[in-house]
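Model the placement of chain B on the given structure of chain A, informed by the hints.
2 protein chains.
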Amino acid sequence: MQKKVEILSVGTELLMGQIANTNAQFISRRLPEVGLGVFYHSVVGDNPERLTECLHYALSRSDVVITTGGLGPTQDDLTKEVIAKALGLKMVLDIQSEEWIREYFTKMGKTMTDNNLRQAYFPEGCKILDNDEGTAPGCLIEQKGKVIILLPGPPRELIPMFNKHIIPYFREKCATPLTSRFLRVVGIGESMVEKKLYSLVDGQTNPTIATYAKDGIVTIRVTAHDEGEIPATLLVSDMCGKIASILGDSVYTDNDEEIELTVFKLLAENNLTFSCAESCTGGMLAEKITSIPGSSQVFKCAAVTYMTVSKTEMLDVDPTIIEKYGVVSKETALAMVQGMIKKSGTDVAVSITGYAGPQYDDEPVGKVCIGVCAPGCRTVKEFRFSGNRDRIRTLSVINALDMVRRALLHLDPAE
Amino acid sequence: MQKKVEILSVGTELLMGQIANTNAQFISRRLPEVGLGVFYHSVVGDNPERLTECLHYALSRSDVVITTGGLGPTQDDLTKEVIAKALGLKMVLDIQSEEWIREYFTKMGKTMTDNNLRQAYFPEGCKILDNDEGTAPGCLIEQKGKVIILLPGPPRELIPMFNKHIIPYFREKCATPLTSRFLRVVGIGESMVEKKLYSLVDGQTNPTIATYAKDGIVTIRVTAHDEGEIPATLLVSDMCGKIASILGDSVYTDNDEEIELTVFKLLAENNLTFSCAESCTGGMLAEKITSIPGSSQVFKCAAVTYMTVSKTEMLDVDPTIIEKYGVVSKETALAMVQGMIKKSGTDVAVSITGYAGPQYDDEPVGKVCIGVCAPGCRTVKEFRFSGNRDRIRTLSVINALDMVRRALLHLDPAE
Numbered sequence: 001m002q003k004k005v006e007i008l009s010v011g012t013e014l015l016m017g018q019i020a021n022t023n024a025q026f027i028s029r030r031l032p033e034v035g036l037g038v039f040y041h042s043v044v045g046d047n048p049e050r051l052t053e054c055l056h057y058a059l060s061r062s063d064v065v066i067t068t069g070g071l072g073p074t075q076d077d078l079t080k081e082v083i084a085k086a087l088g089l090k091m092v093l094d095i096q097s098e099e100w101i102r103e104y105f106t107k108m109g110k111t112m113t114d115n116n117l118r119q120a121y122f123p124e125g126c127k128i129l130d131n132d133e134g135t136a137p138g139c140l141i142e143q144k145g146k147v148i149i150l151l152p153g154p155p156r157e158l159i160p161m162f163n164k165h166i167i168p169y170f171r172e173k174c175a176t177p178l179t180s181r182f183l184r185v186v187g188i189g190e191s192m193v194e195k196k197l198y199s200l201v202d203g204q205t206n207p208t209i210a211t212y213a214k215d216g217i218v219t220i221r222v223t224a225h226d227e228g229e230i231p232a233t234l235l236v237s238d239m240c241g242k243i244a245s246i247l248g249d250s251v252y253t254d255n256d257e258e259i260e261l262t263v264f265k266l267l268a269e270n271n272l273t274f275s276c277a278e279s280c281t282g283g284m285l286a287e288k289i290t291s292i293p294g295s296s297q298v299f300k301c302a303a304v305t306y307m308t309v310s311k312t313e314m315l316d317v318d319p320t321i322i323e324k325y326g327v328v329s330k331e332t333a334l335a336m337v338q339g340m341i342k343k344s345g346t347d348v349a350v351s352i353t354g355y356a357g358p359q360y361d362d363e364p365v366g367k368v369c370i371g372v373c374a375p376g377c378r379t380v381k382e383f384r385f386s387g388n389r390d391r392i393r394t395l396s397v398i399n400a401l402d403m404v405r406r407a408l409l410h411l412d413p414a415e
Numbered sequence: 001m002q003k004k005v006e007i008l009s010v011g012t013e014l015l016m017g018q019i020a021n022t023n024a025q026f027i028s029r030r031l032p033e034v035g036l037g038v039f040y041h042s043v044v045g046d047n048p049e050r051l052t053e054c055l056h057y058a059l060s061r062s063d064v065v066i067t068t069g070g071l072g073p074t075q076d077d078l079t080k081e082v083i084a085k086a087l088g089l090k091m092v093l094d095i096q097s098e099e100w101i102r103e104y105f106t107k108m109g110k111t112m113t114d115n116n117l118r119q120a121y122f123p124e125g126c127k128i129l130d131n132d133e134g135t136a137p138g139c140l141i142e143q144k145g146k147v148i149i150l151l152p153g154p155p156r157e158l159i160p161m162f163n164k165h166i167i168p169y170f171r172e173k174c175a176t177p178l179t180s181r182f183l184r185v186v187g188i189g190e191s192m193v194e195k196k197l198y199s200l201v202d203g204q205t206n207p208t209i210a211t212y213a214k215d216g217i218v219t220i221r222v223t224a225h226d227e228g229e230i231p232a233t234l235l236v237s238d239m240c241g242k243i244a245s246i247l248g249d250s251v252y253t254d255n256d257e258e259i260e261l262t263v264f265k266l267l268a269e270n271n272l273t274f275s276c277a278e279s280c281t282g283g284m285l286a287e288k289i290t291s292i293p294g295s296s297q298v299f300k301c302a303a304v305t306y307m308t309v310s311k312t313e314m315l316d317v318d319p320t321i322i323e324k325y326g327v328v329s330k331e332t333a334l335a336m337v338q339g340m341i342k343k344s345g346t347d348v349a350v351s352i353t354g355y356a357g358p359q360y361d362d363e364p365v366g367k368v369c370i371g372v373c374a375p376g377c378r379t380v381k382e383f384r385f386s387g388n389r390d391r392i393r394t395l396s397v398i399n400a401l402d403m404v405r406r407a408l409l410h411l412d413p414a415e
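Quick mapping for you: the protein sequence lines, in order, are chains A and B. With the numbering used here applied, the first sequence corresponds to residues 1 to 415, in that order. With the numbering used here applied, the second sequence corresponds to residues 1 to 415, in that order.
So here's chain A without its partners, still in its complex pose (with noise of 0.2 Å):
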């Protein structure tokens, strides 16, 4: 049987909503590779009282028991002291935790408060968990069957020593692990994927199934554990397989990337330069390619003509398309690719234009119009799409990226 994870997040400044638990997510996306599952993520803030409870009620309830933050050498850090109380474990002093802290304040030329001893205290019997970005350590114990790891709060402390300490610990113990793999869909809303693949899902455990929508992207993640002598991996590929035969040219990745970085790829291996020339959505694509280490690779520029004299000054729109088919039209679309592709001599660019809203006069909030020129390939489209003015400029950028992507493989426009 699967060994139940939860991670136990202890922090007021969680439950003020100042920050978002990615700390539980990022060990939440990584520990199926050691075959564990998290099945309970908790909250709870810096209080012994409440500590304590959520640390019984949680090892009531899962074999692992990872907590995150309530380390440092404040007053209000104290999740190792709590632990340790909770299960009837002293707290003595580690001399070699000791000296690092010492040699780490001599290094970084700061002075040490008697206070940042506390973190050279462990419950006895521990396995420390050193921590290479700062003066908390983690620590690990073993009890009664049950695994309790302590982790500091700063994801830059704690993804270095879950990377170091924790994967390497549970994959020496790991029996049977879990194989996932993230299928992508852009242009299908979530319940038209779940019901194209409903056969496959129905009923299914292995590999189990999962979509996830956000943004016009569908994730499909399929995981998988070995089956007598069957690969979880063969598994996991065997059902991406029958699903891309279900769902086509829809899925545009199946190892979970972005879809500007699936565009930036085939740019990339094509050696085809990019520039786009966006209005309603005011830099979001160019923002979004340009977020792709070593993106000036293949991006060259983009105009963002917002008001609408900026099509004809930027990108020469004769105003004359303008007026006759209104600024957010194909007409208009299609001048403003073929202006920016003749403006900046890119091999492939894309255009957007639409009322992403706030309503104004009559306009048809979500009314969207993209263009694309690539080699051999002249498209431009019309989209209602449906939202506030957020997810109205979202869907436009994912669905130019789309059509930018079905240009560079030569496939049909999506329906």
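One should not assume that every hint holds.
Note: identical chains are not told apart, hence a pair may lie in one copy or across any two.
[Claimed, not checked] Dumping the calculated DSSO-like pairs for lysine-lysine here, alpha-carbon to alpha-carbon at most 30 Å:
| # | residue 1 | residue 2 |
| --- | --- | --- |
| 1 | 343 | 324 |
| 2 | 367 | 110 |
| 3 | 3 | 342 |
| 4 | 196 | 214 |
| 5 | 173 | 144 |
| 6 | 90 | 195 |
| 7 | 110 | 214 |
| 8 | 107 | 195 |
| 9 | 330 | 343 |
| 10 | 4 | 110 |
| 11 | 127 | 265 |
These aren't lab readings, by the way, just hints derived from the structure by calculation.
Chain B alone, transformed into the frame defined by chain A:
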């Protein structure tokens, strides 16, 4: 005694680490406004037994339980049914919701599948919370002195529903309302802010002061309750005045607003148009400004001149300047912003050129030059930011916006 709130998020995608629990963060941040404190977050998968168990546990330790997720039309959306069963309530069809869902599909020109109708069934006696952004309404159940609220998972649905239904519901019930105000500071780090405010923060119980740093902005929350005759609002505004006098013009808002909104308002009040010339930020500044509804009132255009040659092609930057001083230099930043003003004819412009990483050759990653032109003001500044690519880009945009703000307010540049 303060009511305890628990946020119970339902969704395997959270336990798989596909998304961070930003809903819990959002709700936690907002509830103190209506006098409520969040004591626990929990996350459980789409599993009826475990969800039932978590609900009972939450009700045993909290007064208000807010669930997020699992209200959609798919098979694994089971929150409503499971919670109704756990509370001993029947599910009944709500005719109005049925009509509304049918209308929604007609309006979208989509076919309604049978599973969508599940969204019109609710636990008997509950208050239905309509959802203007999707097909899954939420609901609110009062039972045995406890309040159970079911909200959908997608933030673009949850956030408006929370604002429309949940805040007013609790505001009406709130005995000792808290008043909060959020100041925001740009250009000073969190530990420096804390140091400067130490004498105000130390031992302070009403108002309380908390700081929180993200992406180059430090937010300071000041929260108070009425103190005898003195109203909370007065206590808060007094404290905000003290903080502002210590931190000076680094405080850009006392209204918890993004800095792009502050800049947008300054531009709009002064009837000034705005354009930007971006290199390493790749359109991020334009995207931020145009995320504001109504930004077309001030924002004209942006040139994202990512490749060096585009700086000359789009902004007429003299190539000899780039050759002599380098593409990331004050001189190039100045030529970019001046080129933008000339080309676009706007009143105010900003330029950003920098090395955001990854490291090529011996480029100094983190070096960013920003130029601003505004009526009666021309400034250019060199920064050295640390962190990864995303952080360097974000800090570049925040500081560019701050330079525009200072130019518009005729303030000295920040230290």
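Checklist line | Same-copy or cross-copy closeness of residue 367 to residue 110 [CA-CA at most 30 Å] | finding: between (51 Å within a copy, 16 Å between copies)
Next item on the list: First find the shortest C-alpha distance between residue 173 and residue 144 inside one copy, then the shortest across copies, and answer within, between, both or neither for a cut-off of 30 Å.
Entry: Within one copy, since 16 Å is at most 30 Å while 46 Å is not.
Notebook entry, point to check: Is the C-alpha distance from residue 3 to residue 342 at most 30 Å within one copy, between copies, in both cases, or in neither?
Noted result: For residue 3 and residue 342, the Cα distance exceeds 30 Å both inside one copy (59 Å) and across copies (64 Å).
Notebook entry, point to check: When no copy is specified for residue 127 and residue 265, does a C-alpha distance of 30 Å or less occur within a copy, between copies, both, or neither?
Noted result: neither (39 Å within a copy, 50 Å between copies)
Next item on the list: Evaluate residue 343 and residue 324 at a C-alpha cut-off of 30 Å and name the case that applies: within, between, both or neither.
Entry: both (23 Å within a copy, 26 Å between copies)
Next item on the list: Using 30 Å as the alpha carbon limit, work out where residue 90 and residue 195 are close: within a copy, between copies, both or neither.
Entry: between (56 Å within a copy, 28 Å between copies)
Next item on the list: Indicate which option fits the pair residue 110, residue 214 if close means a Cα-Cα distance not exceeding 30 Å: within, between, both or neither.
Entry: between (41 Å within a copy, 19 Å between copies)
Check: Is it within a copy, between copies, both, or neither that the alpha carbon of residue 4 lies no farther than 30 Å from that of residue 110?
Finding: For residue 4 and residue 110, the Cα distance exceeds 30 Å both inside one copy (42 Å) and across copies (41 Å).
Checklist line | Within, between, both or neither: residue 330, residue 343 at alpha-carbon 30 Å | finding: both (20 Å within a copy, 27 Å between copies)
Next item on the list: Up to 30 Å between alpha-carbons, please classify residue 196 paired with residue 214: within, between, both or neither.
Entry: within (18 Å within a copy, 42 Å between copies)
Next item on the list: Up to 30 Å between alpha-carbons, please classify residue 107 paired with residue 195: within, between, both or neither.
Entry: Between copies only: 21 Å across chains, 56 Å inside a chain, cut-off 30 Å.
Hint violations for this structure: numbers 3, 10, 11, all remaining hints satisfied.
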